[in-house]
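Sequence lines, in order, name chains P and D.
Residue 1 is where the first sequence starts when you use the working numbering, and the numbers rise one by one after that.
Residue 1 is where the second sequence starts when you use the working numbering, and the numbers rise one by one after that.
Among the hints, erroneous ones may be present.
To be verified - Cross-link-like lysine-lysine pairs, in silico, DSS-like; alpha carbons within 27 Å at most:
hint	chain 1	residue 1	chain 2	residue 2
1	P	91	D	7
2	P	17	D	98
3	D	125	P	91
4	P	247	D	14
5	D	7	D	215
6	P	102	P	247
7	D	109	D	98
8	D	98	P	247
9	D	7	D	28
10	D	7	P	247
11	P	91	D	28
12	D	109	D	125
13	D	7	D	238
14	P	147	P	188
15	P	22	D	125
16	P	91	P	247
17	D	98	P	22
18	P	102	D	109
To be verified - In silico negatives: residues of chain D with every beta carbon more than 12 Å from chain P:
hint	residue
19	7
20	16
21	111
22	113
23	118
24	165
25	169
26	198
27	234
28	235
29	238
What the hints assert, rightly or not - So the derived list for chain D, only partly shown, Cβ under 7 Å to chain P, looks like this:
hint	residue
30	52
31	75
32	80
33	86
I should point out that these hints are in silico values taken from the structure, not numbers from a laboratory.
Glycine included, each C-beta is placed from N, C-alpha and C at the ideal position.
Here's the letter readout for the chains.
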Amino acid sequence: MDRLYANTLNEMEKLWKRRRTKGFLLLTLLVPIISAILLAFLQNHTGVFGGLGSNLPMLMLSLFTFALLPLFLFMTAVDSFSGEVAARTLKLVLVRPISRTKVFASKVLAIAVYLAVHLGVLWIASAVSGWMVPGGEMAGGVLDSVKAYAASFVPMMAIGLIVVFIAQCFSSTTGAMATAIFIYAAAKLFPFVFPQFAVWSVFSYTNWYVLWVGNGMSMNTLLNTSVLLLSYCIIVYTAGWLLFDRKQL
Amino acid sequence: MSILEVKEVTKLYKNGRGVRNVSFDISKGDIFGLIGPNGAGKTTLLKLIMGLIRPDQGSIRIFGHCVSERFEQAMEIVGCIIETADAYDYMSAYDNLKLSARFYPDLPKTRIDQSLEQVGLAPYKRERVGGFSLGMKQRLALASALLSNPQLVILDEPTNGLDMEGMVDVRNTIQQLALEQGITFLISSHLIHDLSMIANRIGIMHNGSLIRLGKVNEWLTEEMTLEQYVISQIQALKEEEDYGSFIRQYAE
Chain P
1 MDRLYANTLN EMEKLWKRRR TKGFLLLTLL VPIISAILLA FLQNHTGVFG GLGSNLPMLM
61 LSLFTFALLP LFLFMTAVDS FSGEVAARTL KLVLVRPISR TKVFASKVLA IAVYLAVHLG
121 VLWIASAVSG WMVPGGEMAG GVLDSVKAYA ASFVPMMAIG LIVVFIAQCF SSTTGAMATA
181 IFIYAAAKLF PFVFPQFAVW SVFSYTNWYV LWVGNGMSMN TLLNTSVLLL SYCIIVYTAG
241 WLLFDRKQL
Chain D
1 MSILEVKEVT KLYKNGRGVR NVSFDISKGD IFGLIGPNGA GKTTLLKLIM GLIRPDQGSI
61 RIFGHCVSER FEQAMEIVGC IIETADAYDY MSAYDNLKLS ARFYPDLPKT RIDQSLEQVG
121 LAPYKRERVG GFSLGMKQRL ALASALLSNP QLVILDEPTN GLDMEGMVDV RNTIQQLALE
181 QGITFLISSH LIHDLSMIAN RIGIMHNGSL IRLGKVNEWL TEEMTLEQYV ISQIQALKEE
241 EDYGSFIRQY AE
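Whole structure, please, built from the sequences with the hints as guidance.
Written as structure tokens, this is what we have:
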């Protein structure tokens, strides 16, 4: 347990020390602020988009969970696995007194923390920026937006774990990244051709948070989709761990 | 007492290279040198010992713990440099060692500075490793290998990229640690002269097999250096192989 904790700290520190991580966090912070400024400007000068300030957290969540967060997760997961194989730094951890099971778990935990931090920063930045827009009070919306952000964690993590699995098959970041983006784009487009596929595809649940907003959705549906997403997480985590455990360096 | 036991270990890659049926053990305080030409299987053997690859057959025990079954216990007091001296380029030398130090909660906080001092990197400890020369990276890797006060240190080409002064420093550090603290070393190198100055036992590898194993002082005579001995042994083996294949061809 101590070593799992130690390596999780190590992985988080490695993530933090990368310039890219700080750049992505800055982007997560700036996009809602810039959007709020634009909204305020349009409201004042054209009179349209009134009341969107209170919806800013949900608008931002929609934008980030569709494209930006998956992209950040792809890069982080690929860097953490294929990137370390390519840079020959993975062996630095593997020769220490820590089992591969714990190394894998700690890398995934660091990615989970990274995702949670992004969602947290995005919520704070968009909520505060939303308040600044005239008529953007979040009356009644705070609880819903918190629920939505918390719910988004699950499908995003499932997608992150799929990329972790993909990264085990590549020893170069370019190959892993290209494959992850291709699979994500294909999975997003596939339901347009075969709509029945959407129910089973984890990539169709990036806007899963919508189900958690308000009181319209039955507990049964929420439970079913939760179990589906958790099953995806367990399956891809196990598959990724198996490949990682057998990796020959 | 055997610190490291390698028993009938085989690992063959698809191209037919690897190591075949290698067995040896290392006792406490030994400086064991692994010598052989490029492609002899030295690095593969060290990777097998460190659990980076798994053997097809055989077993490896460190301090009595099987590497494939009780990895954490086996690696508890082992330090190593394998293949190349790699580090996280985007971090400082100090931060690189801090990552390693987290695995050893009993290590005093001053140990990182001591290790950097020991290899002469103290003045550069806040600099990013990306700007280091190959020799500085090699020194950092050595500091990382020695950080946890290990009882067994495994070094793959530890003098790679070092200048003459650096090579002598590394040699002296190894001898000093073996003598004063009883630390056991397994060192792979193609620099036979270097190894002959510090190793007390030598294993010669050729084509994935350990062809000779023994004490340095038993092999050497006044007329023959270790380098000459190693070359003569490999030459003799090649002649045996050529003779064997000639006989086989003739029989067919």
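Hint check:
no. : hint           : verdict
1   : P:91 to D:7    : holds (24 Å)
2   : P:17 to D:98   : holds (13 Å)
3   : D:125 to P:91  : holds (22 Å)
4   : P:247 to D:14  : holds (16 Å)
5   : D:7 to D:215   : holds (19 Å)
6   : P:102 to P:247 : holds (14 Å)
7   : D:109 to D:98  : holds (9 Å)
8   : D:98 to P:247  : holds (26 Å)
9   : D:7 to D:28    : holds (18 Å)
10  : D:7 to P:247   : holds (23 Å)
11  : P:91 to D:28   : holds (26 Å)
12  : D:109 to D:125 : holds (15 Å)
13  : D:7 to D:238   : holds (25 Å)
14  : P:147 to P:188 : holds (24 Å)
15  : P:22 to D:125  : holds (23 Å)
16  : P:91 to P:247  : holds (11 Å)
17  : D:98 to P:22   : holds (21 Å)
18  : P:102 to D:109 : holds (24 Å)
19  : 7              : holds (20 Å)
20  : 16             : holds (16 Å)
21  : 111            : holds (15 Å)
22  : 113            : holds (19 Å)
23  : 118            : holds (19 Å)
24  : 165            : holds (26 Å)
25  : 169            : holds (23 Å)
26  : 198            : holds (22 Å)
27  : 234            : holds (28 Å)
28  : 235            : holds (33 Å)
29  : 238            : holds (30 Å)
30  : 52             : holds (5 Å)
31  : 75             : holds (4 Å)
32  : 80             : holds (5 Å)
33  : 86             : holds (5 Å)
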